[in-house]
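S.K.: Spelled out, the chains give:
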Amino acid sequence: MTLPHAAFRIYDRRSLLKFVLPVAIIAGWELLAIWINNPFILPRLEAVAAVLLAPTADILGNGSLAANAATSLERVLAGFFVAAAIAIPLGIGMGRSGTLHELFDTLMQLLRPIPPLAWVPLALAWFKIGLLSMVFIIGMGAFFPILLNTLDGVKGVKRNWIETAEILGAKEHQILSRVILPGALPTIWTGLRVGFGIAWMCVVAAEMMPGTNSGLGYLIISAYNWGQVPVIIAGMIVIGIIGIGFDILFKAVERRSFGWRGLER
Amino acid sequence: MSGMKRTGIIAITFFALVLLLVATGCTQQSGTSASTPAATTTPATGANTVGILYTAGVGPMPQLLATQQIDGYIAWQPYVSIATKSGIGKLVVYSGQLPPDESNVNHPCCILFARDDLIAENPDLVTAISALTQVSSAYINAHPAEAADLEADFLVGRSNFTFGNVSVSSVDVLNDAFPTVRYTNDPSPQWVNDTKRFVNTEIQLGYVNNQLKNASSDQLDSLLFDFGPYQNAKQELAAGTITTPHTEANPITIGYLTGDMHSAALSIALKKYQYFNDTYGVALVPRDPTQARPDTADLVVNGVKVAEVKLVSGSAGPQVMQMAATNVVQIGYVGVPPTIAAIDKGTPVKVINPINTEGSGLVVSPDAPVTDWNSFVAWAQQRAAEGKPLKIAAPGKGSIQDVLIQFALKSSNVSFATISS
Amino acid sequence: MTLSVEHLTKEYAKNGQERVQALVNISLAIRDEEFVCVLGPSGCGKTTLLRVIAGLERPTSGRVQIDGTVIEGPNQKLGMIFQDYSLYPWRTVNENIAFGLELNDVPREKRAKIVKKYLDLAELSGFGNSYPHELSGGMRQRVAVVRALAVEPSVLLMDEPFGALDAQTRNMLQHELLDIWQKTKKTILFVTHSVDEAVYLADRVVVLTPRPGHICEVIPIDQPRPRDRTSVEFARVRRHVLDLISQKCSLP
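Residue numbers (the numbering used here), protein chains in the order written: chain R, 45 to 309; chain A, 495 to 915; chain W, 80 to 331.
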C-alpha cells in the first residue's frame with residue numbers, strides 16, 4: 045500500500061473537516077492583517093505567535109504566560125472542587141429527600157439566574173483579596189450546573205434499580221453508594237463538564253476586575269491597558285486551548301466509563 | 495381545574511408587574527441626571543462641539559486614538575509620553591497649563607489616603623507610610639533617571655511597548671514623562687485651597703451632593719484631611735528616627751492605580767527597599783524581589799516587621815475607592831476627585847498628604863491641525879461645524895482629568911456633552 | 080416455606096381525590112416448591128399483587144406472611160425479577176450476580192465461588208466480564224434470574240419477565256426457567272398475561288378479574304413436564320382457561 049493510501053485510510057475523511065475552519069481562519073487572518081495594516085485592529089500572525097512561542101518569557105512585568113495560566117488554573121480547580129463538594133451531596137440529598145428538596149428549592153431558583161460576576165463586589169468585601177474570594181465567585185459559577193445535573197441524574201435513576209437493591213437487602217447508604225451514585229454518575233459527569241466550562245469563563249472574567257494581580261484575565265487587561273494587542277489575542281488563544289483541553293478530557297472519560305449510557309434497556 | 499386557574503392568575507399578575515416596571519423605567523429620565531454637568535448638556539449630538547467619552551481607566555486610549563475611534567485623550571502620565579514617543583499622538587498641552595489661565599499650575603493631582611479606623615488604631619503605621627512616601631519622593635526628585643528606569647520596571651518589567659511597527663522602550667517613555675510630574679508631599683495652604691476648590695467644582699458637576707455639599711470651609715478641613723501623620727512623619731524624619739508602630743496581626747492592603755506613575759513614590763519605595771531600610775529605617779520589603787511588580791511585601795520599621803502588606807491596583811480612582819469603602823484596601827494612592835467623591839458618600843477615609851501635582855496631558859491625533867490649546871479649540875469648532883464633533887476620551891467620570899477638561903472647555907466656551915457608550 | 084396471602088386489599092389515591100381499588104380480598108396459599116402463575120388482563124392488578132408480596136408496597140388491608148412472619152418491607156426470602164430485568168448497566172455480568180452478595184458482606188472468595196456457580200447454572204460461562212448491553216435479551220433475563228437466586232431466596236417473584244422477547248427465545252427461556260426451578264427447588268410466583276405461558280409453566284394458575292382484581296378461579300394443572308404444546312391435553316386446558324377469561328372472569 046502506498047503512503048498516501050495508508051494516510052487516507054488512517055484519517056477518516058470526516059474527521060479532517062474539524063481542521064478545515066481553523067486552518068482557513070489562520071490563513072484568512074494573516075491575509076486580512078496584511079491588508080488592514082493596522083495592528084490595533086488586527087495584529088499580524090507572527091506577533092501573536094511570538095508571544096505564544098515564548099510562554100516562559102515575562103510579559104509587561106506580569107510574569108510569564110505559563111505562570112499566569114497556572115495561576116488561573118489553580119483558581120478554577122479550587123473553586124470547581126469546592127462547588128462539586130457541595131453541589132453533589134446536596135443534589136443527591138435533594139433528589140432522594142422530598143423534604144430537603146422543598147427546603148432548598150426556592151433558594152436555589154432565586155440564586156441561579158444571578159451571573160457569577162455580579163458577586164465580585166460582595167466577594168471582595170467579604171473575603172478580601174485573595175484565593176478565597178476567587179473560589180467563591182468561581183464556585184458560584186460552577187455550582188448550579190453541577191447541582192442541577194446531579195438532581196437530574198438522581199431523579200433519573202430507575203425505580204426498578206433501587207427496588208432490586210432493596211429486595212436484595214440493601215440499606216439506604218448502600219442504595220446511595222451502589223445504585224444512586226453509579227446510576228446518576230453519567231449525568232453528574234455532564235454537570236461537572238459544563239460546570240468546569242463555566243468556572244473557566246468565570247475565572248478569566250473575575251481576574252479582569254479590580255483586586256487581582258495575576259492570572260490570564262489580568263494579563264489580558266494589563267495588555268489592554270498598554271495597548272499590546274498581540275498579548276491579548278495570545279491570552280485568548282491560551283484560554284481557548286485550556287478550555288477545549290479540559291472538555292476533551294471530560295469527554296474521554298465519558299466515553300470510556302459511561303459507554304453503557306443509553307444502551308441499557 | 496382550580497389548580498390551573500390559580501397558576502394562571504399568578505402568572506398573569508407576575509407579567510403585569512414586569513410590564514409595570516418596564517413602563518415606569520421608560521418614562522423616567524434615562525441615565526443619572528445628577529451626574530451630568532448641569533450647565534452645558536444638550537442631548538442633540540449636533541449642537542455640541544466636543545464629546546467626552548469615558549473609558550474605564552487609560553488603557554484603551556492609545557488603541558482608540560490609533561484606530562481613529564477618538565480624536566484625542568486626556569490622561570495621566572506616562573500615557574501622554576506613550577503617545578508622543580510612539581507617534582500615535584501629539585501633545586496639545588500639559589495639565590498644568592490648561593485654562594482657566596494660571597489656575598491649574600501646580601494643580602492637585604494624587605494623594606495618599608488612609609482609612610479612619612487604621613489611623614485611629616495604628617497612627618504610627620500611617621505615619622511610617624507617609625514618611626516612606628516623603629523620602630521616596632525626595633529620592634525621585636534627586637535621581638530622575640534612575641527613578642525612570644525603576645518605574646519602567648515596575649510598570650511593565652522594562653519591556654518595550656509595541657504598537658504595530660513602532661516599538662518604544664518603556665525606559666525612554668518614562669524618561670520623557672518624569673519631568674512633567676511634580677512629586678511633592680507638602681499640603682501647603684495653596685494646595686489645600688485648590689483641593690477645596692475641587693470640591694466646589696465637583697458640586698457643580700454634580701459628583702458631590704451629600705455631606706460635603708453644604709459643608710463650610712472649616713468643616714471641609716476636618717472632613718477631608720488629617721495631616722497629623724504627615725506632620726509627625728516630617729518631624730520624625732528631621733529627628734532621624736521613625737517611631738516603630740505596633741505590629742498588625744492582619745495584612746494591610748495598599749491600593750494604587752494601574753499604569754499610573756503618579757504613585758511612583760510607592761514603586762520606588764518597593765524597588766529601593768534596601769536603601770530606604772538602611773538610610774531611614776523604614777521600608778516596604780517585597781516578599782519576592784524578582785517580581786517586577788510585587789504584590790506582597792512587609793512593612794519593616796527599624797528592623798521590625800510591622801505588617802504584611804498586599805498591593806493591589808484598580809484601573810481607575812473610583813474602583814480603588816470602592817475597595818476602600820469595603821475595607822478591602824486600607825491605604826491608597828489615588829486622585830483627589832475620586833477621594834472627595836468617596837468621602838462625600840461616606841467612605842471613612844482621610845487625605846494624609848499629596849503625592850504629586852500636575853502630571854497629566856491632552857494629546858490628539860498626529861495629523862490634527864493643533865499645536866496648543868487655542869488651536870485645539872479652533873479645531874474643535876471647525877469639526878463641529880462640519881458636523882463631526884470631536885471625541886475626547888477621559889479616564890472616568892469624576893477623575894482629575896475629567897474635571898480638568900470639562901472646566902477648560904467651559905472656560906473657552908466650548909460646549910460639550912458626555913457620550914455614553 | 081409457607082407463603083400466604085390473607086384477605087389482601089390494595090387501594091390507591093388518585094390525584095388526592097378518588098380512591099382506586101386495585102385488588103380486592105385476595106387470599107392465596109402458596110406451597111413450598113410450587114410454580115404458580117398469576118394470569119389476568121392488563122390493569123388487573125397482578126403486578127401490584129406481586130409488589131405487595133415483595134414488600135415494595137403495603138396492603139391497604141389484609142396481610143402477607145412468609146414462614147409465619149408478616150411482610151412489612153423488602154425481605155431477602157423473596158427475590159424479584161422485574162419486567163425490564165433491571166440489570167445494572169455499569170456492572171459486568173459477574174458483578175451484577177455478585178450484587179446481593181456484596182450487600183450482605185459475603186467475603187470475596189466465597190462470593191467468586193457463588194457467582195461462578197450461578198453463572199454456570201445460567202449457562203453464561205465465558206460472559207462473566209461482559210456488560211449487559213453486550214448481551215441479548217434472553218441472556219440478560221438469565222442474568223436477572225441468577226442475580227436474584229444468588230442470595231438464596233425461598234421464593235422468586237417474576238413480573239412478566241419474558242414479555243419483551245420473541246416467541247422462539249421465549250420458549251427457550253421458559254424451558255430453561257423450568258430447568259433452573261427444578262434444580263434449585265425454589266417456589267416461583269410468575270405473573271403473565273399469556274394463557275399459553277401460564278399453562279406451559281404452572282402447577283396452578285390463578286386467574287384474576289379486571290380491576291378491581293379479585294381471584295376468579297384457581298386452576299390446577301397436573302400434566303407432567305416437559306409439557307407438549309402440540310398435545311391434545313395441553314390444548315384442552317388452554318381452551319378451558321381461555322374460556323374462563325373471556326366469560327366468567329371477564330368482569331370485575
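These are calculated hints, taken from the structure and not from any lab test. Don't be surprised by glycine CBs; every beta carbon is placed ideally from N, CA and C. Among the hints, erroneous ones may be present.
What the hints assert, rightly or not - The calculated DSS-like cross-link candidates involving lysine-lysine, where the alpha carbons are at most 27 angstroms apart (straight line), are:
1. 327/W <-> 215/R
2. 202/R <-> 262/W
3. 202/R <-> 156/W
4. 172/R <-> 885/A
Unchecked claim - Some chain R residues well away from chain W (every beta-carbon gap over 10 angstroms; in silico):
5. 76
6. 98
7. 210
8. 294
9. 304
S.K.: Failing hints, ascending?
M.R.: Numbers 1, 2, 4, 7 and 9, in rising order.
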